[in-house]
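Taking the hints as your guide, dock the two standalone chains into a single complex.
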Amino acid sequence: MVDEIQKKLQAELDKFKIVQKDYHKALLQRQQLDGQLNENTAVKQELDLLKSGNEVFKLIGPVLVKQDLEEAKQNVVKRMEYISAELKRTEDLIANLDKKQDTHREALAKLQQSFQQAQLKAAMKA
Amino acid sequence: MSQISATEGPMLQQIDLTKLNLQQLTQLKQQLDQELGVFQDSLQTLKIAQNKFQESGTSLEKLTPSAKGKEILVPLTGSMYVTGKLADTETVIVDIGTGYYAQKDIQGAKDYFKRRVNYVTEQMEKIQQIGLEKSKIREAIMDVMEMKIQGQMSTQKELAETA
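Chains as they are written, first to last, in the UniProt record's numbering: chain A, 1 to 126; chain B, 1 to 163.
Just chain B, same shape as in the assembly (with noise of 0.2 Å):
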């Protein structure tokens, strides 16, 4: 459960969309769009997570030892600074998640924003992935439904000519 998988588990079955009536297709095609409306969602976020951890590392880049004693403007609030002065250019505090904070040199703060970066690369391209496939069969019931109006509108025609 706590990864997404791109494998489908054994407990879902084939169906053969065509033995389907019509309300179970709309029904099965509903499902599929808020699905489908969920992954979305999900990949805007991980594309701002994604953003955050690629600002994080690039500012880490700015943070060399030459850097030390510079000048810099520290926010108090939104809209107010004050100066202060880099003391220490060696070692940064990171958010490592639940309320935890790891002190890790500059090196060490890049990998970990890197090793984010590729989790959350990562999980996009699964999600991706499924979303691809769900497409795949909401398209696919898309024709089948559409086979199943014209059928019925051919049936209706051959009655209505018949009596």
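The following block holds chain A by itself, in its conformation from the complex (with noise of 0.2 Å):
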């Protein structure tokens, strides 16, 4: 009986842990999406800033690359629309894993006392 409990309570340890594990990385993603985001609005800024004399370069490996500024401002704007749909994602994600975390949390709970009796019980009957 609580050879039994035991093996369950490991195999519910494990999944809480893979859930764990995913719910770091989403939350590093986040955060790596939302420091990206507001880098782009930051240039979206300084782009708009520019007059239409202004020159602007792209850095493509080694080498600057001048631009269209109106080019420029409408990558930029693009590239904003795609991480705001990634951020968006991330963050369904995030609360999809919490609440997955939440029911595995309240399963190891229940396992943990139930485990906690069978060995009372074990320990009373020898």
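Keep in mind the hints are simulated off the structure, nothing from the lab. Since the model is a prediction, treat every value here as computed from it, not as a measurement. There may be inaccurate statements among the hints.
[As the list claims (entries may be wrong)] In silico lysine to any residue, SDA-like type, Cα no more than 20 Å apart, as pairs:
1) B:K126 to A:A42
2) A:K66 to B:D105
3) B:K62 to B:D88
4) A:K78 to B:Y101
5) B:K47 to A:A42
6) B:K110 to A:Q45
7) A:K110 to A:D14
8) A:K51 to B:Q103
9) A:K51 to B:D105
10) B:K52 to B:G78
11) B:K114 to B:L46
12) A:K66 to B:K114
13) B:K114 to B:L60
14) A:K58 to B:D95
15) B:K114 to B:S59
Listed below in structure tokens is the structure:
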């Protein structure tokens, strides 16, 4: 009886750990995306401040390539849209994993309780 | 999400610290310690960024029209330089992030660095503010913890005396 519950407990714990790992990964990803969005917003602001006479370059590998200002603006806006969508997706994922974590946590607590009870019973019998 | 906000979100519920048990309090304190650590790190990073922008800004002061044609040493590697002549003292090219570089006149570049420094300083102030609030909460938790421990000790003593 005790062995059986212990096995179940271990299995549940493993599952919980996997979810926890995914959760941390998602958190990290959100942080990264958030940073990227911030950077792109700042770049957009700077590009908006530029006059049409100012030249804009883009760093491609080790080379600075001249870019059209309008094109650069459009590119940054497009990238911001993409990052925002990714951010939304990651946030949904985080909420999802959060719920999963909670259910696993509950299951773990229950199993732990029954494990302790079973252990107590076994000890009484012995 | 894009900015650090000093106001607390509505989803934060009020918790009466005295209603928590010692274990929960310890957990909460650990969490706060961790958060404070993150704030410290962020402040350090921001400080470095602030310095970098400030340095760039001040080095622009040296780039006056009268410096045109003057000799400069251009670093090819960290330890090797070649001589060059300043051909253009009117405009500079500034890294504005995500691989984009913009050509700006001296005044524009100075303004840009000033803006950046101001922005970074603003964020630093916000973080400091939040950090201060958090350390206040942390102190409150420590106080409650001490109270609880003392309460536990006195009940134990009583129990020992009655036994």
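Hint by hint, where does the structure go against what was stated? Just the numbers, ascending.
Result: hint 12 breaks, nothing else.
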